[in-house]
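Undergrad: Using the sequences and the accompanying hints, generate a full structural model.
There are 2 protein chains.
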Amino acid sequence: MVKSIHLQTLLELLLLGAKEGPVKLSTMDLAKKIGKSQQAASKHLSELEQHRFLERMVESNDSYVKLTRKGVDAMAELHSVLTTALEKKHRIREISGTLFTGLGEGAYYVALPGYRRQFISNLGFDPFPGTLNLRLISKIDRSLRRDLEHRAGISIEGFDDGERTYGRAKCFRSTVNNKVKGAVLAVERTHYDDSVLEVIAHENIRSVLKVSDGDMISVRIDIS
Amino acid sequence: MVKSIHLQTLLELLLLGAKEGPVKLSTMDLAKKIGKSQQAASKHLSELEQHRFLERMVESNDSYVKLTRKGVDAMAELHSVLTTALEKKHRIREISGTLFTGLGEGAYYVALPGYRRQFISNLGFDPFPGTLNLRLISKIDRSLRRDLEHRAGISIEGFDDGERTYGRAKCFRSTVNNKVKGAVLAVERTHYDDSVLEVIAHENIRSVLKVSDGDMISVRIDIS
DNA sequence: ATTACTATCTACCGAGTAG
DNA sequence: TCTACTCGGTAGATAGTAA
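Protein chains in written order, with my numbering: chain A, 373 to 596; chain B, 373 to 596.
Please keep in mind that the hints were generated in silico from the structure rather than gathered at the bench. Some hints could be false.
If chains are identical, the list can't say which one is meant, so a pair holds when it fits in one copy or spans any two.
[To be verified] Restricting the straight-line Cα-Cα distance to at most 25 Å, the calculated cross-link-like pairs of lysine-lysine (BS3-like) are:
#, residue 1, residue 2
1, Lys460, Lys396
2, Lys553, Lys405
3, Lys551, Lys415
4, Lys396, Lys511
5, Lys408, Lys396
6, Lys404, Lys375
7, Lys542, Lys408
TA: What follows is the structure in structure tokens.
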């Protein structure tokens, strides 16, 4: 593999057009371009030549350099990795917190037909009547939790059952402890603050994972 | 500017999604990814932090890293330069040779109406009746000269004047000694071999540049 | 003018280890 | 566990200079 110290040199050679044909280049010219000494440039060229990233030809007093297929490929590979890395959308967040027992309001809301129907149609599962409540300790986790508010997520509309109105909410598909699939709830004007994460799932997460209050739980959240 | 030794680390951070938000990353994790020791990873992170390419947050035992705007920009800049360098078509060749006097055949052919009309319409100038002949000394120059044969260039069709037929040729826009614009001729089945380069121009190049036999002349050739 | 050797100096790395 | 220090070894850089 190409050494990182040689990337500058390969880049300059590309810019000079050394992938098309031999380019006239003295070690002094290269030195100026890479901001190193003539001796360093000489060494870089000879090392790159040794590893077949380039070929050199000497014609009386002039030296010519041409990138080999291997040299161009190495740079193309770097370009491709960079493209991937820069364009990649990271859709996964991981948040950890300790399990605690809420006031039971979660269970009440989740079971309401107005919400439940939407969970079934939008998430594809009928939620277990109850939420898993995690207390977020670290600043990082709380900041990640707050960040969810600014993302679209899967929308759950508010409704009116004739007696009172129920607010909007949104959720994000999630996996608890890398095992149980479900969704994280982000309720507007929630009764909890940013230190709480509520998770719903088709199953009873507590019993499936055999966890109880105080246990540390991690949730992978798909924010796409 | 970012040091080349740190590119690996920045690249790994990008791949981990550290441009979107804080990513949990220990110095040991990073060490594995970049194939260096934990101590080296630690130093890389602290140097990058010092130069504001990234921010770090420590939460009890966990360390989180997030690329700054500057860090992402540095990588985006590299990506953009790489894109340019890889896509750039280098359309210019430079060939040098020593001036010599030919047999005068060049003047005869260039002045023939069948060719002259095409020079005027395809090149946009009425050529001086005579060619500038350069003797190519170095292997590099001769190989560049031969390479012209494989390129399209500007086509000059052959013709028949009733007495005999005149062959096809092609030419490439060129600049002699960085001053006089004209064109290099590549005649099919030429009477010269690959050690000769023929240049035509509207002006008399010898008198405009005040050059004479034996002088070293350089020609920039547009091969697009 | 070149390129590239030797000698010297600096920066980087890894081992050990403290906090 | 974790991060990051010191320190000794080595790779990389420069200066001087030969060819």
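Undergrad: Determine for every hint whether it applies to the structure shown.
TA: Going down the list of hints, with the structure as the test:
1. Lys460 <-> Lys396: between (39 Å within a copy, 18 Å between copies)
2. Lys553 <-> Lys405: neither (55 Å within a copy, 29 Å between copies)
3. Lys551 <-> Lys415: neither (54 Å within a copy, 36 Å between copies)
4. Lys396 <-> Lys511: between (57 Å within a copy, 13 Å between copies)
5. Lys408 <-> Lys396: within (19 Å within a copy, 36 Å between copies)
6. Lys404 <-> Lys375: Both: 20 Å inside a copy, 17 Å across copies.
7. Lys542 <-> Lys408: neither (56 Å within a copy, 43 Å between copies)
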